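Peer 1: Each chain, letter by letter, is given below.
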Amino acid sequence: MSTRVQTQGRLIDRDRPISFKFNGTLLKGYQGDTLASALLANDQMLIGRSFKYHRPRGVVASGSEEPNALVGLGEGDRFEPNQRATTTEIFHGLTATSQNHWPSLNYDVGIVNNVLSRFLSAGFYYKMFIHPRPFWKHFYEPFIRHSAGLGKAPNPEVRDADRYEHFYAFTDVLVIGGGVAGLQSALTAARAGAKVLLLEQTAHLGGRAPVDGGTIDGMEPEAWVEKARAELDALPNTQVRTRTMGAGVYDHGYVLGYERLTDHAPDTPGPRHRLWRIRAAQVITATGAIERPLSFAGNDIPGVMLASAVRDYLVNYGVSPGDRTVVVTNNDDAYRTAIALVQAGLKVPVILDARPTGGGALMDEAKALGIRVETGAAAVKVKGAKRVHSVCIGVQAGEGEVLEEVFCDAIAMSGGWSPVVHLWSHCGGKLTWDAGQAAFRPDHARAPTSHDGNPFVIAAGAADGAFHLKDVLQNAVKAGETAATRAGGKAESSAAPRGDAPEEAPLAPVWMMPQGAKKQLRMKAWLDYQNDVKVSDVQLAAQEGFESVEHTKRYTTLGMATDQGKLSNINGLATLANALDEDIPRVGTTTFRPPYTPISMGAIAGEARGEIFQPIRKTPMHAWHEANGAHWEPVGHWRRPYAFPRKGESVTDAVHREVLATRNSLGLLDASTLGKIIVKGPDAGRFLDMLYTNMMSTLKPGKCRYGLMCSENGFLTDDGVVARIDEDTFLCHTTTGGADRIHAHMEEWLQTEWWDWQVWTVNATEQFAQVAVVGPNARKLLEKLGGMDVSKDALGFMEWKDGDLAGFPVRVYRISFSGELSYEIAVPANLGRAFWDKLLEAGAEWDITPYGTEALHIMRAEKGFIMIGDETDGTVIPQDLGLDWAISKKKDDYIGKRAQARSHMTDPKRWKLVGLETLDGSTLMDGAYAVAEGTNENGQTNTQGRVTSTYHSPTLNKGIAMGLVLNGPDRMGEVIEFTNGGDDRVKARIVNPVFFDPEGEKQNV
Amino acid sequence: MLLLTCPYCGVAAEETELHAGGEAHLTRFGPDSSDADFTSYLFHRENPKGVHFERWRHVNGCGKWFHAARDTNTLEVFGTYSAQTTEPPKDLLGKIREKRPGFRWRDIA
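Chains as they are written, first to last, in my numbering: chain A, 1 to 1005; chain B, 1 to 109.
Simulated from the structure, these hints should not be mistaken for laboratory data.
Check the hints yourself; a few may be wrong.
[Stated by the list, open to error] In silico lysine-lysine, DSS-like type, Cα no more than 25 Å apart, as pairs: (1) 383/A to 519/A; (2) 49/B to 680/A; (3) 383/A to 430/A; (4) 470/A to 227/A; (5) 703/A to 889/A; (6) 99/B to 430/A; (7) 386/A to 21/A; (8) 889/A to 838/A; (9) 64/B to 430/A.
What you are looking at is a predicted structure, and each value in this text was computed from that prediction instead of being measured.
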């Protein structure tokens, strides 16, 4: 059984016990424990179940590469699934639950998949669930959805209780990884004067060195690390952040760091996670290496662990995974584990070394301790269910004949080390195959390049394939010097500290153990523990023609689990290469994508949540609307009142009341959000002639004209009233959502096509508050305010005038979007609220009624006016909407003109705008289709048009609608059918889209 | 996240400050153009794995459009220059040719 031993445990504080819960049971650990080490100390080897076969899963690794030990952490609004026990530091009151089992971790029904595993091979889902077709929707999909997914999603109804933030940093040299290599390269770069930022993902500096031993300049590694840390802290140009992972390396030296501030101490005030947005001139990836598992049968049984992890748990946490641990290896490093175990008083019955001649100095040391070493040996298979029981031994060169069975409760395996090349690769760094180490390492000649074409990423230490302590230090010094020099510093060549460690014999690549293992063995030799991918699955994929490593990955799901194949990738692609009879470097790796390990969504969002997720734009009258019960509607970044329901009144009733009050007496609309762009200069008229379909250059100062704007591909993109202020100046009104876009559109054409034209544009939208005073009594109200002549003769329809009203400096446009007598009055924004209040006060005698966007929509629809975004959807040209009258025939050119002459645009079969009236007076459904005869090749009913706007008109007391219908304008009076939800149909008559006051008598008074 | 130096205001701007505008140096074809020319103007774009001439706008900055010569593969930026020109500056082309012998882009060789 796994247990806490009395010695060792350099990272734990035995004077500070900590209690935490796992699956409801109270357990004890120490300050400094990870959840994984604390669970192992409590003999909780079984931690979860695998994804596909629900096989028992225990801790394999001791760091972020862990594929198995995933748990749900926390409760309620702090619950998070799929958290790595190996990177979770424990604290008082931590609660963890195991995942992927039902009804319990020990007795799981899903294990039946394990029995059926013979039938659940690679590509099983693709092959199985194709036939019969109808089964997919009603049987297969619900079943798969139920059984798929790892962990439980948090309750969507609760909000994350923690705070997160973003943090910007700029540095000359960013060092990712705080092991010996990272520390040394940071020191070298900092001494050369570079500004250095060092990130370490764990809580401790030093990496593996304090566990692996050796000496640095004659010091124990731990002492050297302390000294290095002290020097870095003392330098003014360095910063060291622990618990901060380098998550991703991006273009031109941009790097994301992920700092976990309070995960280990949740009661600490401040943000929980911090996303560092770093711009670095040079990046050093000192990210170390990850040990590879060996592929032998039963290598997934709880108790089979990486040799380095066994050593970590013992040295760092004083935890022994078992009393009797068999070591299986193809290299010297694993001997360190055997030596450490024996020195701690634990048993190592045998070391199985796949190499025929065994290892070097470390093997001699192990033998001197009395450990039995078998060379040329293999673990043929591991026996056990929820825990290792014994291992069957054979010869590596054989097919799996069992020579001996050795009882043990843990197995420490090592298949060699793979440099962590993820961050090197994120931004295009290429790899080279190191046959000696049997690993991919960074190809220095093909480093990621920055904006200047020069490399900006340097790998250091084990991440660069330097494994011996001496090489690590020399490599790190060189990396630090190179980075500092490239970042503009002056690095003086300095000697690396002396690293002393035993010399190691070369490893022997072992991709299958034993090399000739028969199928029964290969079917139980795991590559990907989390996703349940075995050697036999990859071989099957190769046999079925999946030759590309990217295809094999997706077909088998190898490396697609939450650990992203940190343990499985190299073994998997070596297996694929062998199956294809190809060289490993020719098969290559799959793409390394950021983040290195999952980061929280909270960190990505940062402070952008709730009210400040997106700032809301507010008109000067916003506070009045809010105080008067506005029912809001988002329009662009604005909030506009949809309606102003009174106490006890429904929104619909309010809308109808607002329409009738405006039509019968006097309404008031806050139109401040409409875009207002000033276009000025000697060539302004010529420019607007290109921008609008209409002729704008002929507009007289003092007059207004409604205009249409198209994109270069002909589609209608915005509309609005243009007022000519003087010979050189126009004011262009745009839609509320269109102001910024249209302003950008204008600037683009001015700057990139007609840059020799003398035109300037300013988006003055927020400089003015604008109020529409609408209705038969509108003029009376303005006359009551006094200050300027607003009579028909002085200010005719489609004219504008500057003046003052009730002492307010105003610009009054006589334009109408409702068909009523209407004045749109602009005042400086700071006077907007006062002017609004004045209008309300003076208009009381006519029962002045503020109205919202829905009343506006209904009134414009009653008049047959189009609305950008309702009648248009990016595929509609003005000609479709019967707006030919607004398209100048005299102009040679305007943006969109050529496109509107393309064959598809001039097709007589394009759907065109008409009005629609149901025969029974009901209101058509929004987006309803006009049905036509017959069905298409998919059995769907043919269509001949669609509804674009539909309302109940309170003025006419019936449903009115606009829509695009095939040959619509030629079919006036014809009755056609529209969809009405499900199979229901409703009949409607094609009519003129102007439902109300077609002669325009009301607005022309 | 790219860094491009705006040739107008001199700021080394991050991609979040910029708006990408697609291929540079397009010739506009208007009402009298042939279907082939207009279609090509509207839809056909270069897609090189290598040096590309692009339009960018310093939208969250000075607001100016400018052009950039950028290697889409290595992300090397050879230079940025005014959008108010119909072809890349000679010295920039020289710089590109020096590092990318045999470089071609549309009819520029």
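Peer 1: Holds or violated: residue 64/B with residue 430/A, Cα cutoff 25 Å?
Peer 2: Violated. Residue 64/B to residue 430/A sits at ~36 Å, over the 25 Å cutoff.
Peer 1: Against the 25 Å threshold, does the CA-CA distance of residue 49/B and residue 680/A hold or violate the hint?
Peer 2: Not satisfied, since the Cα-Cα distance of roughly 42 Å exceeds 25 Å.
Peer 1: Between residue 383/A and residue 519/A, is the straight-line Cα distance small enough, at 25 Å or below?
Peer 2: Holds, at roughly 17 Å.
Peer 1: Holds or violated: residue 99/B and residue 430/A, Cα atoms, limit 25 Å.
Peer 2: The given pair, whose Cα atoms are some 20 Å apart, holds under the 25 Å limit.
Peer 1: For residue 386/A and residue 21/A, compute the direct alpha-carbon distance and say whether it is at most 25 Å.
Peer 2: Holds, at roughly 21 Å.
Peer 1: For the pair supplied as a hint, residue 889/A and residue 838/A, is the alpha-carbon distance within the 25 Å limit?
Peer 2: 45 Å, violated
Peer 1: Please verify whether residue 703/A and residue 889/A have alpha carbons no more than 25 Å apart.
Peer 2: 21 Å, holds
Peer 1: Between residue 470/A and residue 227/A, is the straight-line Cα distance small enough, at 25 Å or below?
Peer 2: 18 Å, holds
Peer 1: Could you grab the alpha-carbon distance between residue 383/A and residue 430/A and see if it respects the 25 Å cut-off?
Peer 2: Answer violated: residue 383/A to residue 430/A is near 41 Å, above 25 Å.
In the structure shown, a violation is registered for the earlier hints numbered 2, 3, 8, 9, in ascending order.
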